[in-house]
Structures are given as C-alpha cells and as structure tokens.
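Chemist: Residue-level listing of the chains:
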Amino acid sequence: MSADFLLELRSEEIPARMQAGARADLERLFRKELVAAGITPGAITVWSTPRRLALIARAMPLATQAVHEEVKGPRTSAPAQALEGFLRKTGLSAEQLTERDGVWFAVLEKPGRATAEVLAAAIPAIIRAFPWPKTQRWGAQSLSSESLRWVRPLSGIVALLGGEVVPIDVGGIVSGRETLGHRFMHQGVVTIDGADDYADKLRAAHVIVDHATREAIVRDGAQRAAADAGLVLVEDEGLVIENAGLTEWPVPLLGRFDPEFLAVPPEVIQLTARVNQKYFICRDQAGALANAFICTANIVASDGGAAIIAGNRKVLAARLSDARFFWDQDQKTPLAEQAKKLARITFHEKLGSLADKVARVADLAEALCAVIPGADPVQARLAADLCKADLVTEMVGEFPELQGLMGGYYARAEGLPDAVADAIRDHYKPVGQGDDVPTAPVSVAVALADKLDTLRGFFAIDEKPTGSKDPFALRRAALGVIRLITDNGLRLAVAEGDLLAFFADRLKVQQREAGVRHDLIDAVFALGGEDDLVRLLARVHALQAFVGTDDGKNLIAGYKRAANILKKETWEAQAHAYTPEPAEAALANALAEAGPKVDLALADEAFTQAMAALASLRAPIDAFFETVTVNDADGQKRASRLGLLDQFRAAVHKVADFSRIEG
Amino acid sequence: MADTLQTAPSFQDMILRLHAYWSAQGCLILQPYDMRVGAGTFHTATTLRSLGPESWNAAYVQPSRRPTDGRYGENPNRLQHYYQYQVIMKPSPADFQALYLGSLFAIGIDPLLHDIRFVEDDWESPTLGAWGLGWEVWCDGMEVSQFTYFQQMGGFDCKPVAGELTYGLERLAMYIQGVDSIYDLRFNDAGVRYGDVFLENERQMSKWNFEVADTDTLFRGFAAAEAECRAAIEAEVPIAAYEQAIEASHLFNLLQARGVISVQERASYMGRVRDLARGSCEAYMAKFKDDWAAKFPGWSA
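Sequences listed follow chains A and B, in order. Quick note on numbering: the numbering used here labels position 208 of the first sequence as 208, and the sequence is numbered without any gaps. Quick note on numbering: the numbering used here labels position 19 of the second sequence as 19, and the sequence is numbered without any gaps.
Fair warning: there could be bad hints in the mix.
As the list claims (entries may be wrong) - So, partial list: chain B residues that the calculated Cβ filter (under 8 Å) puts toward chain A: (1) Arg49; (2) Pro53; (3) Trp56; (4) Asn77; (5) Pro91; (6) Ser92; (7) Gln97; (8) Leu99; (9) Gly108; (10) Leu112; (11) Val119; (12) Asp140; (13) Gln151; (14) Asp157; (15) Val197; (16) Ala293.
Think of the hints as simulated: they come from the structure by calculation, not from any bench. Beta carbons: idealized from backbone N, C-alpha and C, even for Gly.
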C-alpha cells in the first residue's frame, strides 16, 4: 500500500536567485524528516515558481513499520539510581523489565505510525527550519517576534497524501486542497485532487509550475524571437533562470531601441540591459550588437504585447540616455585630469590614497619593462598613471563592473596609443580562472605591477589572507601574477620571504589543475632561494617527467634508503685507507662524473639533462645497496661508505629535495 | 500606451484617485509633513508610527527634497524636489499585494495589458536604523513603487510588522500619461503642465542648493539641530527630537550639495544623523512602551 504526496507552499514572490537553493533545501529537509521517522519515499520531484515551492513524493508507504526493540539496561547489581535512570529513559516501570544473566532488559514496542500523521508533524518542522538566506515576519501575528518567518509572507499550504488533506497548521496557516492560479490571468481558487492533477490544473490556470519547462520557454522563445527578427540571440543562461524565476507564464517579447544609442560602447548597452532590466540582447548576422532587446513578460497581453514592448522600450531608452550622457560627459575631462581626483580616495588607511597606489604602480610598471621583451617604459608609465582614472568617471560610478574597460575606451577616444589604451583596459586581468591573460607587453607590465603592488603592500602591513578570509582578494592577485609570469615566460624575482611562500602555495593550487604534483613543487621550493617562477616550473616539469620513469622511481627508492640510513647514523669523514669493493668504487666514480654534469646542466637551466645525469646514478646506487654492507664492522669502511651515501644525497639535492617527494 | 493616453488621469487627478482608493481601504488621508525631508518614509506617520503594537493605517503625499539630484530644470527625469505617495499599514494586511495592485488599477494600469512584476529589492536605511524585505514593483520594466515589509525601525523589531508602499508620483505619471519629460506632465485637465508649476522652482532651488546656500549657516544649523535634538530627548519630547533629527539630516544633504563635506567627514556626519534619529526613536519607544505592554498582552519592546 502506498500513495503519492503533494506539498505546495504558496507565498508572495520569492526572489529569483533563491529558488534553486530552496528546491534543494526542500527536498533535503523532506528526506531527512521522513528517514528519521522510518519512511523511505520513492521518487521526489521539486518545482518552484515565484509564488510557490512544490514537492511531489511518489510511492509513500501509508504507515511506518512497527518496531520491536530490546534495550539493554544496567546490571541488576547496579546502584538504584542507575535503574531509576533506565526506567525514566524507557518510560517503563520496574515490573515491565526482564532480567537475563544479571542484566535488566526493556522491551520497547513502537507501533507503526500513519504516514499522514508523520507528515503533519514533519511539514511544520521543515517550514520552521527552512534555511532561507533572509527571512521576515508579517501580519498581525508579528506582534510577537517569535512569529513564523519565511522568505516573504507564506500564504497557503496544499498537502495531499493519496488525495486526502494532511492536516497542518503552522503559524495560523491551515493546509487544504485549494491554491491560486496566475495572479492576473486566472480568477478564483484552483482545487487540487492530488499529485497527479496538480501540474495540469495549474497549467490550466496559467501557471507552469515546473521551472525547467519555464526555463526552456524563455530560452527557446528568446531564440525564436531573435531569429524571427533576423538576429542572433546572445545566450545567457543566468538570464534564462532569472526570468523563469520571475514569471509563472513567461512570454519573451522582442523590442527595438533607437539605433543612435549604438554609439555607446556595446558592453555598456549589454550591461544596462542585462543588470538593470534583465533583457537579452542580440547581434546582427555580422556579429555587431543589434538595436534590439528581448524582455520576458509574465502575461499573454490582450494587445499581443504591444503596450509591454512600448513600455520596456521607454525604460531602456531612459537608461541608455543616462549611459550616453555619462559617455559624453566623461569624455569632456581627460583621464589625466580625472586621475588627480584619486588623491581623495583612500586605497587603504595604511597604504595611502589611490593616487599613492597609482604612483607606486607606475614606478614598478616602468621598472618591469626591463624584463618584459618589447615593453616601452614610457608607455607603461603613462598607462599606469591613467589606469585607475576611470574609477572617478560617471560611467564607472554607475557600472563598477566596467572599470578598466571604460578607461580603455576613454584613452582611445583621447587619442592615446593603442598599447596604452589596451593596457588600461586589461590591467585588472586575469580576473578569474578562465579569464584571458594579457600578452601585449605594456599591458603585461601594468597588469603585473598593479597586482604585485597590492600584494607587497598588504603583506608589508601584515594583512595576509587567513583561512577563508581574504578581504583584499590577495589570493586572486597572486594567481594573476603567476599566470602573467608563466604564460608570458617572464624571468624575474617575484618576491621574497612570506610573500614568496604565499606564491608557492598559490602555485601549488594553480598547478594542480594542470596535473602538476604539489609535492614536486615543494621539493623544488625546499631548495630555497628560488624566486623565479618560470625556472621553478621548468625544473618541476622535468622532475615530474623524471619521477615517472623507471630510473626516476628507482632513484627515489635508492635516495630514501640512503636518507634513512644517514638519518640514524653519525660518522667522521675518513680517507680511503682500504680497497673499496667494486660497487663502492663504481658509485664513487659515477658520483664524480655525474656531479659536474648536474651542475653544468643546472647552470644552463637544462633540467631534463640534469635529470639524465642523475639517472646515471641509478644502476650504481642499486648495485651498491645490493653488494656492499654499509654498517661494516670496520669503522673506517663504515664511515667511508656513509660518506659516499651522503655525497649521493647531496648530488640528488642539487635538483630537488627528494625527501619532499611522496610515494 | 494608446490605451491609457485618452483616459490617463492628470497628475493631480492621480493623487486624488490614490487618496480615494486608500481612504476606502481604511487609511487615514494625512497631509505632508511640514518639514524638508528626503523621502516619505521620514514622515512621523511612517517612522514613529511604525513603532509599537497599535494598529495604524495612513496614506499621504510627501514632497521629497534631494538637493544633489537638482539639474537646474534641464534634465527631463531628475528633480531636486518631487513627490512620493506613501502608504503605511500596520499590521501589514494579508492581502496587501492585492490592495496595492488595486491602487494601480485605480490610476489606469490594467494588469492584463501591462506586465507587472515583483522584483526582489530589500530596503535599508542606516540613518533610521531600519530595514525591511520586499520588492521594487515593475510595470513593463519600469520601477513604479517600492513595496516593503518593515522588520526593524530605529533599531527595534517591528512588532507587528508594517507594510509600506512608496510610489514615485512623477515617474508613474510620466508612464501613465506617456510623456518623456517631467515638465510635460499634465498637472490638471485644464492645460496646466508640471513645468508651469515647478520648472522655475527647479532652476532657482538648484542654484541655491549648489551655489548660494551659505555653508556657515548650514553648519551652524546642523550643530543647532543636533543640540536641540539631544535637549528634546532629555526633556522626553521625542517627536520634537525627531523633527530636529530630520532637520539635521536635510542640512547635511544641503552641505553635501554644496560640496563642502569631504569623503572622510561624510561618514562621520552620517553617523551623527543616525544617532539623532535612533535616539529619537528610542526615546519614543521608552515613553510609550509601558502603556503598550499593558494594553497588548504578550507585546514587549
């Protein structure tokens, strides 16, 4: 015997961004409550609209299993308090216990509970424990601050198990089988029989309860609207989900705006359309931004949407007029003038104003040109001087996300060289993992200088990231530096001390993605003094290739054996006053030969050759361990052989600290 | 908006319709607070009356002054003096959303022709120690109202919660009348435009706000209002104290428009205004909380 369960929690409009999380939370909490009661539900489906969260659980048993449980108690010889405690815990009297082998046992009978009863208790518990990002109180009951909280006022509950109402009363909201359809396109209540007719009855009342279906309507409808106008939709899954979360009956509609606005940079148009209005934008067949927008209405309008499109066009026009005003206005002031205003903006109380920062970045960018092939120090200084100037423009004040980009536009409009404008535009890059890394020399100089200055500054005032706290985004800055340096093959001393160690950590995280072993990075960093990331990675790459070979694996085994022995022993260096065994002599020769080769290869940064030179030690060390007794009774032999192993270890350490290598 | 152009109410008619509508919903129709304020929320009918357990339903127009928004009458969308229509209902009624939508219908917005949406927008006023959850209401993509369930005011939990609606009247009227400039709004149905009434006011007041207002006088006024507010709190006349707090708040806004408050000083001035406003709310609460607790079992500040 089983039945399907339907739950609908109807409320005033749930923020679109919270709906996906709410669906996951509802399913999770529902499962948890049922499992705790001993019920295993079948398939669970969760849906959301702006005005409701819904859950359907299939094949629910109608009652929980009866449980027969024997609980072990205290020994019969235990003090009276122990028995009293056990009786309290089990709720039984002493006569109801049984005794076996000097121990009290209680037999507990838990009869099966009706699932409806379990649900009637579980649903209010779920509602009260629901982890919304923000909650509120409302209405007359909020006279008490203990009144029910929900993301917005909760207005109705449908709870039907096998078509029967599960009686629920939470904060004065009583469950039933009636819900509401679309706010405007349906009048009166919708009466639900059960899980099977819920979605269909709502659809008839102009509510598509399945969010995935609404998302598909938005996605496909926007694409079709663009195609019908001979345009190509700029796809944006975030907008698809947001618009589906704002509508119960989505209707994508395409409108046009005055093509004169296309004089404003396309990024500005896209941003204002997307962020302020939640509109999709389109491109023409040649790929240029088109003067079109697609909004998603929540109704099938009686005039086919003409008034809605006209209204939205007007709103967008007002927004774009503002943007064009900023665009025109900003261009009346040269960036060099704007930059003067940075003196009024605090970068950090211990690191001075933004103008102070810019001055440091300019010095650094100019100096960095020495290690960036093709970078013109004059252009680098100019670009750095102006790189933050757009922060005080009207456009960036309105759209902070356009920082850098607008500076680039304004610089170009002023007639500054492209290399300078590009450097201003790209100096925040790379921002995230997937972001492009600048390659133009002047851009690289400014991008690197900006991030290095931030890192050096905050490390100097001891504002380092700790745990999950990284308020100045220093991890991101370090990652940016690493990518700028490694992608462009720049040879420079990146940092020292704590900051170098911080780079080492970041490098390990970053290189993990590329399949580089963190222990090998440690092994190279442990040599100390390596502040050239390009050289470091070249060495790590060669090392990783080497430790994957048979020679490498055996050499590590030999190294570990040698190191283990050396760790335990002490000895005085002594001259060979005896005839060494063949393997001993061979190892000594091999070391004498390999040592200079390794040195030479390392000096040339020919790390693969250095590894090959090390590989030549593999056979001799293996043979040595096979045939030679290190701990010879003859103290001279013993000391000499330990000395040989020490030389071997030293030779290996020229390449990397093998003790850091795992496995 | 061919549908509404013919029948769209004039600016004053829109206000009259809102008054008639909210009056029918049981709201007191109040007059503007007779002081310079930045928003309808500052009216004591909203701030002070949202404190405490007593039921309170009111609607009013509040002239709102934002000196830094002045554009000398040259920008068709921005004014330093404009009107907000404010509704406050405590406790928030169960059908507050439906009541609100009814008010839009009353001024000529048909929800089957226009796309009305509730888009997340939480409200916070650090100055008033207040916050709430709610939405901005969109009509065809335009924000026409703020809809908020107050959760805290003056640092106190709202018990019960009040629902607040704020309509930007000029913007709403521009939309309903289908005009592109505030100054072209039909103020009445006898040919008077909004510009005939307010354009000269915008020109002169923008000039005064930005160029003329004597900053020493403003600074002195701020200090005087601050002192007066504290004295009034001391004397247990919190309404008078609150008036001085909003006076200080407006003088601060004027000083901002005059560009004489540095970035560093700004935070400190805002903190001073916040202390005055919160202190007034606290004094108001202190004055009435025992009576309220006696009258409303289970209620506490």
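Chemist: Would you mind marking each hint as holding or not holding in the structure?
Modeler: Here's how the hints hold up against the structure:
1. About 15 Å separates the beta-carbon of arginine 49(B) from the nearest beta-carbon of chain A, more than 8 Å, and the hint is not met.
2. Using the Cβ-Cβ criterion of 8 Å, the hint placing proline 53(B) at the interface with chain A is satisfied: the shortest such distance is roughly 6 Å.
3. For the restraint placing tryptophan 56(B) at the interface with chain A, the shortest Cβ-Cβ distance is roughly 13 Å, beyond the 8 Å limit, so the hint is violated.
4. The restraint placing asparagine 77(B) at the interface with chain A holds, with a minimum CB-CB distance near 6 Å, inside the 8 Å limit.
5. Interface restraint check: proline 91(B) against chain A, minimum CB-CB distance 5 Å, threshold 8 Å, status holds.
6. With a least beta-carbon distance of about 5 Å to chain A, the hint placing serine 92(B) at the interface is held under the 8 Å criterion.
7. Taken as an interface hint, glutamine 97(B) checks out: its beta carbon lies about 6 Å from the nearest beta carbon of chain A, inside 8 Å.
8. Evaluation of the leucine 99(B) hint against chain A yields a violated restraint, the C-beta minimum of about 13 Å exceeding 8 Å.
9. With its C-beta approaching chain A no nearer than about 12 Å, glycine 108(B) sits outside the 8 Å limit, and its interface hint is violated.
10. Evaluation of the leucine 112(B) hint against chain A yields a held restraint, the C-beta minimum of about 5 Å falling below 8 Å.
11. About 7 Å separates the beta-carbon of valine 119(B) from the nearest beta-carbon of chain A, less than 8 Å, and the hint is met.
12. Restraint check, aspartate 140(B) versus chain A: the minimum CB separation of about 3 Å is within 8 Å; hint holds.
13. Hint status for glutamine 151(B) relative to chain A: holds, with the closest Cβ pair at about 6 Å, below 8 Å.
14. At its closest, the beta carbon of aspartate 157(B) sits 5 Å from a beta carbon of chain A; the interface hint therefore holds under the 8 Å criterion.
15. Contact between valine 197(B) and chain A, as hinted, is not supported at the beta carbon level, the nearest pair being about 22 Å apart and thus beyond 8 Å.
16. With its C-beta approaching chain A no nearer than about 12 Å, alanine 293(B) sits outside the 8 Å limit, and its interface hint is violated.
Of the hints listed earlier, those the structure fails to meet are numbers 1, 3, 8, 9, 15 and 16, in rising order.
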